[in-house]
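J.: Keeping their order, the protein sequence lines are chains U and Z.
Be aware that the first sequence starts at 1, since it is given in our numbering, and climbs by one per residue.
Be aware that the second sequence starts at 1001, since it is given in our numbering, and climbs by one per residue.
Keep in mind that the hints were calculated from the coordinates and are not lab data.
Cβ coordinates follow ideal geometry from the N, Cα and C atoms, glycine included.
One or more hints might be untrue.
[To be verified] A short list of chain Z residues far from chain U (calculated; beta carbon distances all over 12 angstroms):
hint, residue
1, N1035
2, R1037
3, S1038
4, S1056
5, R1075
6, G1079
7, P1143
8, D1144
9, A1147
10, E1156
[Claimed, not checked] Pulled a few chain Z residues facing chain U out of the computed Cβ check, cut under 10 angstroms:
hint, residue
11, S1061
12, Q1089
13, I1093
14, A1096
15, R1112
Number of protein chains: 2
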Amino acid sequence: MTTAGPRSGCAINAAVEALGDPWSLIVLRDVMFGNRRSFRELLTRSDEGIASNILSSRLRSLVAAGLLTKAESTRGRRGSYSLTEAGIQTLPILVAMGTWGLAHRDGTPQLRIRAELLRDGGPDLVERLSEELREIHLGIARPDPDAPRVAEALAEAAARA
Amino acid sequence: MTTAGPRSGCAINAAVEALGDPWSLIVLRDVMFGNRRSFRELLTRSDEGIASNILSSRLRSLVAAGLLTKAESTRGRRGSYSLTEAGIQTLPILVAMGTWGLAHRDGTPQLRIRAELLRDGGPDLVERLSEELREIHLGIARPDPDAPRVAEALAEAAARA
Chain U
1 MTTAGPRSGC AINAAVEALG DPWSLIVLRD VMFGNRRSFR ELLTRSDEGI
51 ASNILSSRLR SLVAAGLLTK AESTRGRRGS YSLTEAGIQT LPILVAMGTW
101 GLAHRDGTPQ LRIRAELLRD GGPDLVERLS EELREIHLGI ARPDPDAPRV
151 AEALAEAAAR A
Chain Z
1001 MTTAGPRSGC AINAAVEALG DPWSLIVLRD VMFGNRRSFR ELLTRSDEGI
1051 ASNILSSRLR SLVAAGLLTK AESTRGRRGS YSLTEAGIQT LPILVAMGTW
1101 GLAHRDGTPQ LRIRAELLRD GGPDLVERLS EELREIHLGI ARPDPDAPRV
1151 AEALAEAAAR A
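The following block holds chain U by itself, in its conformation from the complex (with noise of 0.2 angstroms):
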């Protein structure tokens, strides 16, 4: 089976090549900052109600786009997955969609909070935060160790909403 090429030449078509589509940038969110690494943690978990095929085709493309990894499964577990490099790479475009979303529509107070938090947090939290997703999903390990977690903040700040 040959892959076809990308449609154009340019860098924000590829983006939208890998990324276009109702659930790819959700199911990326719920392992992002959800910590969500299972199938069945992203299904029964979800606040937008994946169906379960589209999950399955979802997390499968994701994979090929070289944005997820999936871990063998072991005795009585299916695999669980993981950022690879370039999906950590697409937090900022999850910051800039919910800073959008944040200006345009309405939304729950609890699940606002936490685009606030990372719309107002720049360029600076985008880094400590991506720091924190190769520690969890690469194993490479934060430049300081003592920070405190972005992530820890952002669930506290969602729980007391």
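Given chain U's structure and the hints, the job is docking chain Z onto it.
T.: Then chain Z, alone, in the frame of chain U:
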């Protein structure tokens, strides 16, 4: 006809619902960077070869979602499309997409240049380009009318490549 509400209260989901498909961001890119304002231009000049029924459908949904407006047709001319403020504010999403595409996919030099300039120009460039878009699409004068135009610099750089 009632419109179903959003799938969840998440700000990221809100943006994905407006933009998460294979063509919406491509159309916005062409309106924004190519100043393509008519159905005909958007169709015939499409680098990705968008099909006419898909372009029709996307333009309708982008208008319904508040990202574009369509001016009345006049004698002998179809209506022309303009960005709304919400449409202009997708620019950071396009920049983030282009930055990811540059880092993780190949592309052609001519089209990479645009993404490189946007990536390297930072929030300052985004703000200046947004002001130019407000002038062109919303009739709002730029704060500094004498400042060189970003859009022209982008087009020249692409042409030199």
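J.: With reference to the structure, classify each hint as holding or not holding.
T.: How the hints compare with the structure:
At roughly 16 angstroms, the least C-beta separation between N1035(Z) and chain U is larger than 12 angstroms, which holds for a residue marked as non-interface. Consistency note on R1037(Z): stated as away from chain U, and its beta-carbon is indeed over 12 angstroms from all of that chain's, at 19 angstroms minimum. Every CB of chain U is more than 12 angstroms from the CB of S1038(Z) (nearest about 20 angstroms), matching its label as outside the interface. Residue-level check passed: S1056(Z) sits 18 angstroms from the nearest beta carbon of chain U, beyond 12 angstroms.
Look at R1075(Z): its CB is around 35 angstroms from the nearest CB on chain U, clear of 12 angstroms, so calling it non-interface holds up. Remark: the non-interface label on G1079(Z) is consistent with the geometry, its nearest Cβ contact in chain U lying 23 angstroms away (cut-off 12 angstroms). Non-interface call for P1143(Z) relative to chain U: holds, since the shortest CB-CB distance, roughly 20 angstroms, exceeds 12 angstroms. No Cβ of chain U approaches the Cβ of D1144(Z) within 12 angstroms, the least distance being about 24 angstroms, so the stated non-interface status holds.
Residue placement check: A1147(Z) keeps its beta carbon more than 12 angstroms from all beta carbons of chain U (closest about 24 angstroms). Residue placement check: E1156(Z) keeps its beta carbon more than 12 angstroms from all beta carbons of chain U (closest about 17 angstroms). The interface hint given for S1061(Z) is broken, as the beta carbon of that residue sits about 12 angstroms from the closest beta carbon of chain U, more than 10 angstroms. Given the 10 angstroms rule on beta carbons, the hint for Q1089(Z) holds: about 6 angstroms separates it from the nearest Cβ of chain U.
Interface hint at I1093(Z): satisfied, since its Cβ lies 4 angstroms from the closest Cβ of chain U, which is below the 10 angstroms cut-off. Given the 10 angstroms rule on beta carbons, the hint for A1096(Z) holds: about 4 angstroms separates it from the nearest Cβ of chain U. With a least beta-carbon distance of about 6 angstroms to chain U, the hint placing R1112(Z) at the interface is held under the 10 angstroms criterion.
Hint violations for this structure: number 11 only, all remaining hints satisfied.
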